[in-house]
Structures are given as C-alpha cells and as structure tokens.
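Engineer: Given next are the chains, with one letter for each unit.
There are 2 protein chains.
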Amino acid sequence: MSSGGFKTRHLAVVGLGLMGGSLALALREHADTITGVELNAEARQYAVENKIVDAATDDLREGVAQADTVILAAPVRSIQAMVERRIGSYLRSNTLLIDIGSTKRDICEAMGKLPVGIHAIGGHPMTGKEVSGVESSDKNLYRGRPFVLCPTRRTTPATRLRALGLVQALAAVPFEMEADRHDHLVAAISHLPYILSSALVATVAKEGQNDPTVWELAAGGFRDMSRLAGQDVQMMGDILSTNTQAVATLLALFRVQLAMLEAMLISRDDQQLAEFLRPTREARVNWIQKYENGHKNGK
Amino acid sequence: MSSGGFKTRHLAVVGLGLMGGSLALALREHADTITGVELNAEARQYAVENKIVDAATDDLREGVAQADTVILAAPVRSIQAMVERRIGSYLRSNTLLIDIGSTKRDICEAMGKLPVGIHAIGGHPMTGKEVSGVESSDKNLYRGRPFVLCPTRRTTPATRLRALGLVQALAAVPFEMEADRHDHLVAAISHLPYILSSALVATVAKEGQNDPTVWELAAGGFRDMSRLAGQDVQMMGDILSTNTQAVATLLALFRVQLAMLEAMLISRDDQQLAEFLRPTREARVNWIQKYENGHKNGK
Numbered sequence: 609m610s611s612g613g614f615k616t617r618h619l620a621v622v623g624l625g626l627m628g629g630s631l632a633l634a635l636r637e638h639a640d641t642i643t644g645v646e647l648n649a650e651a652r653q654y655a656v657e658n659k660i661v662d663a664a665t666d667d668l669r670e671g672v673a674q675a676d677t678v679i680l681a682a683p684v685r686s687i688q689a690m691v692e693r694r695i696g697s698y699l700r701s702n703t704l705l706i707d708i709g710s711t712k713r714d715i716c717e718a719m720g721k722l723p724v725g726i727h728a729i730g731g732h733p734m735t736g737k738e739v740s741g742v743e744s745s746d747k748n749l750y751r752g753r754p755f756v757l758c759p760t761r762r763t764t765p766a767t768r769l770r771a772l773g774l775v776q777a778l779a780a781v782p783f784e785m786e787a788d789r790h791d792h793l794v795a796a797i798s799h800l801p802y803i804l805s806s807a808l809v810a811t812v813a814k815e816g817q818n819d820p821t822v823w824e825l826a827a828g829g830f831r832d833m834s835r836l837a838g839q840d841v842q843m844m845g846d847i848l849s850t851n852t853q854a855v856a857t858l859l860a861l862f863r864v865q866l867a868m869l870e871a872m873l874i875s876r877d878d879q880q881l882a883e884f885l886r887p888t889r890e891a892r893v894n895w896i897q898k899y900e901n902g903h904k905n906g907k
Numbered sequence: 609m610s611s612g613g614f615k616t617r618h619l620a621v622v623g624l625g626l627m628g629g630s631l632a633l634a635l636r637e638h639a640d641t642i643t644g645v646e647l648n649a650e651a652r653q654y655a656v657e658n659k660i661v662d663a664a665t666d667d668l669r670e671g672v673a674q675a676d677t678v679i680l681a682a683p684v685r686s687i688q689a690m691v692e693r694r695i696g697s698y699l700r701s702n703t704l705l706i707d708i709g710s711t712k713r714d715i716c717e718a719m720g721k722l723p724v725g726i727h728a729i730g731g732h733p734m735t736g737k738e739v740s741g742v743e744s745s746d747k748n749l750y751r752g753r754p755f756v757l758c759p760t761r762r763t764t765p766a767t768r769l770r771a772l773g774l775v776q777a778l779a780a781v782p783f784e785m786e787a788d789r790h791d792h793l794v795a796a797i798s799h800l801p802y803i804l805s806s807a808l809v810a811t812v813a814k815e816g817q818n819d820p821t822v823w824e825l826a827a828g829g830f831r832d833m834s835r836l837a838g839q840d841v842q843m844m845g846d847i848l849s850t851n852t853q854a855v856a857t858l859l860a861l862f863r864v865q866l867a868m869l870e871a872m873l874i875s876r877d878d879q880q881l882a883e884f885l886r887p888t889r890e891a892r893v894n895w896i897q898k899y900e901n902g903h904k905n906g907k
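Going down the list, the sequences are from chains A and B. For the first sequence, the numbering used here begins at 609 and goes up steadily by one. For the second sequence, the numbering used here begins at 609 and goes up steadily by one.
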C-alpha cells in the first residue's frame, strides 16, 4: 500500500473529523506515531479506540509540540485563528505545517508570518463525502483526487518536496498554484454552485409559501440542484467570507451567462438558444466522462 | 400487482422510449391489447420482441384507430403537433387521450380543440431515469411518483375518473391542477434548475478558456450542479420554448434571492448571511427526508 518515500517520525492531525481521520488512516504506515488534537471527547475516544491515532488530546500545544509534521484539518476560520494566534510558538523548528482549509489566501498569508524555520504550506484536497465525523474516516478518501498545494512565505524548496511526498503518500494528485488562483478556481466550481443551490432553494421556498404543492412535485433534478444548500451553514459562511472577492467576480461572470440565456429565451430565438446549450452540454458530457474515469481508475 | 379498477380493451402508446415503454409495462395487466407507435424501427422491434407491446407500427393512424385509450409519450413539440394536426381525425369517439409532456398549457389548449367526444386530459408524471430508450423500460418507474393531471375543454367528469384510474394503475400519486399552475410549478423545480445548471457550466467553460485546470479540480459539488446541463438540448429547448413566461417569472424571482445573498456577502454581514442560509438549509433538509421516505416506501 505504501507509496512514495514520505516518512515522518511524529504526525499531529489537528481536527479529528472525516477529513482528519481519513488523513491519519492514509498516513498510518508513513508515521511512527500519530497524535490527534480534537476538542470533542467522543471523537478523541473513537479515534484512539479504533487505532486511527495513537494518542489524542484537546490541548493544541501538547499535541503538536513533539511533531515533525502537523496537518490542520479544521474549518477555515479555526485554521486561520490557530495559525495567527497560537501555533507558531508551539511548533519545533523544521516542522512541516500543512492545512486542508477550503480557501487559501487568508491562511497562506497567516502562514507567511510564522517564525522562520517552520515549513508552512497551504493545502486543499478536492474530496469529501456525504457523511461527516471521524467514524466515517476512509483511508482511500484522498486516493486519485486533486490535492492543491499553495506556497507561502514560509515555503522553501524543501517544504515543497516534503508536501509533495505527503500528497503522494495519500495517492492524491498534486496541483501547485498560488493561493489567489486556487481561490478563484474553487469560487467557480464550489462556492458559486453553493450560492446557486441556496438561491434556488430559497426561490422554491418562496413559491412554497403560496403553493406548497411545489415541494411535492419536486423530483430528481431538484434533488441534485439543492444538495449543496444542505451543507453546514457555519462552514459555508466561513468559506464564503474568506473568499468574498473571487465569489463576487464569479457571480458577475455567471450573471452574464444567465442574462444571455434569458435573452434568447424571451426573444424566442430557439436557434440561438440551441447554439448556446449545445457546446455547454458537450462541455459537461466531456467533463463527467473524464471525472468518472478518474474515479474508476482510482487514478 | 393489479391495483384499481382501470381496464382498457386496446391501449395505444405513442412513443416507445423509456417513458412510453415503462407505461406499457406498468399497464400490461390492465389492457387486453397494447399497440406501440414509434418511428424508430429498432425500438419497435425491441418492444415487440420483449413483449412490452403486442404490436408496433410507425403509422399513427393505424396505431390509434382501434384504441380506446391513447397515451402520447413523445417530446412536447411532437405531442403538440400530433394533437393540433392529426390525431383528432384518427381517434374513435369516446377514446381517452392523455399525454405525458413536460409542459401542459400549449398541449391542453390544443386538446381543447379536438372533436367533441374525445376524452382528452393533460398529464405529466414527475419521474425519469438517467438512462433513456425503450430498453431501459421499468414497470415501477411511475410507482409512488407524482402524476399531474390537467383538465382541458375536452375533459368531462368521466374523462377525469378514467385518467385517475390510469394513474392508480401505475401506482402513481395523482395531482389535479390547471395547466398554468402546473407550468409555473415545474418552471420552479425543473426548468429554472436546468437553466442555472447550464449557465453554471457555461461560466466554468469560460473560466476554462483562461485556466483549464478548473476542470481538473471540479468535484462532487460541481458534478451534481452540472448534471442537468447534460440533458438533451432539443428536448429542453422544446420545454423552455413552451413555457417561456413561467420560466421568465421564476428567473426574476431567483434573481431577487441571488441579489440578496450577494449583498450580504459583499457587505460582509456574516450574521445576516447565516440567517438567510439557515432556513434555506432547513427547507432542503426537510424536503429531502420526505422525498427519500417517499421513495423508500414506494408510496
């Protein structure tokens, strides 16, 4: 199972949820010791009893003090707060610090202010599951999925190589890019979709106030288009509020496309409408084929 | 398996695709004879060989001439054309004519001009599958799913009862409403979602021209939000162009919700944003629970 040469003496995973637990499982054979840091006592107990980690603590300082690799697997705002206010003084020099927060600019900026000697790099694996919690941990969660790495002012060539080794150990596919570029791209494929899903559900909810039957007729199309609106509000609020500018840019670009579609519809220009929709459909069909092949091959 | 008292001597199903084939299978025990009308020779052959229908023809007149129940299971525009131009003179008096087109106003209006004596009523089952074609036919496709019935000027109380019997025979859940109300509701839950999905894919495609990596990072959220954009362009174009007004109304309502979200985001009003997103999330969570329970119970 072990791939690549990534080895760490003492790995600390901060945040034992689905993402952190899965990281610990996937890196099991690459670390001599794994410590989990988690405020929730049940999650700590579950992780230790199921050998996801060797030990667990609710004390950040204690959890990371002996580590030579630290992964921050918490919500975006928590990561940012830890990096800005606390973790710098807890870490040993030469420690690799990586996070898996969903937006990167603010976190990478905060990482850039850590003490020299900390090897800090931003990370964002493009994976997940419908379910959450450490009990859903899955050592293959990262396998074949993109893992974005964003340099900070504390990223040296050595940092980069260690982080790439870690990504390889997860069997994930590394993408290296600046934090701003990352945030722009995920605004398009994650944050804009969430906003559209929420605005759609809000629209149907308004309709439902006049005519509740709308909920009873809703079927598979609405199910898919409304799924993202069911995501955790706190988590998504954090993500949006740390990526306002890129999200606003994407919203503006989206509005142009929507207005074009609407104009063709209202002017009853069926020909033009089909000429808009055909390449759009093609783009989706091409993408889903590659996406599903990637999943099949566990690429 | 047989439910309700629906009985027909000779059922004609016009259009042997997924929907029509599934109708024929589900009504097998309720009809003495089933004839399929279909232009595609392979689909006809498949349907006959697999006993989905007793006989099949590419001639509409021949197919429906002896029928006492006729179901039009073709794309919206084809149904409309058949009703407006041809079928009236082919049908026997007292025949039940029902369609399953996705928009109802134009079709029901056309049905209202059929000869007196035709029992015509509009229908729209809210069901489907990822796959299409008669070879995907499934006798349980309609089970537990909503089936909307819309009256026309050729709908008598007897028409209504026969149509309700047919819906019951499918084990579907009948909803009776005016065509305009139907078209407004499906604009909210089907047509608006399709437009949003297409505009999203078009936005990402624009981004992809500058930075193709956007396609490589796209994951599960984008997959769900882009699925509808992959639907058949001709079919969706027909649907949109026969429901322009309702779709335009829903687009206007959607834009209001989107603008509210955007304003909260840009003004960085996290509190207000959460107060918008929380009931939206709740509405979705409540809906999906009922929807999935309905499916589980095959209600």
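Don't take every hint at face value.
To be verified - Derived DEER-like restraints, expressed as beta-carbon distance ranges:
1. E717/A - G752/B: 16 to 26 angstroms
2. R700/B - G902/A: 29 to 39 angstroms
3. K814/B - S697/A: 42 to 52 angstroms
4. V893/B - E717/A: 49 to 59 angstroms
To be verified - Covered stretches of chain B, as calculated for chain A (at least 3 residues, CB under 8 angstroms):
5. 617–627
6. 636–646
7. 682–695
8. 698–709
9. 760–769
Stated by the list, open to error - Take a look, some chain A residues computed to stay more than 10 angstroms from chain B by CB distance:
10. A649
11. D662
12. Y698
13. E815
14. A826
15. M833
16. K898
Just so you know, the hints here were simulated from the structure itself, not pulled from any lab data. Cβ coordinates follow ideal geometry from the N, Cα and C atoms, glycine included.
Engineer: If you test the structure against every hint from before, which numbers come out violated?
Structural biologist: Numbers 1, 2, 4, 5, 6, 7, 8, 9, 13, 14, 15, 16, in rising order.
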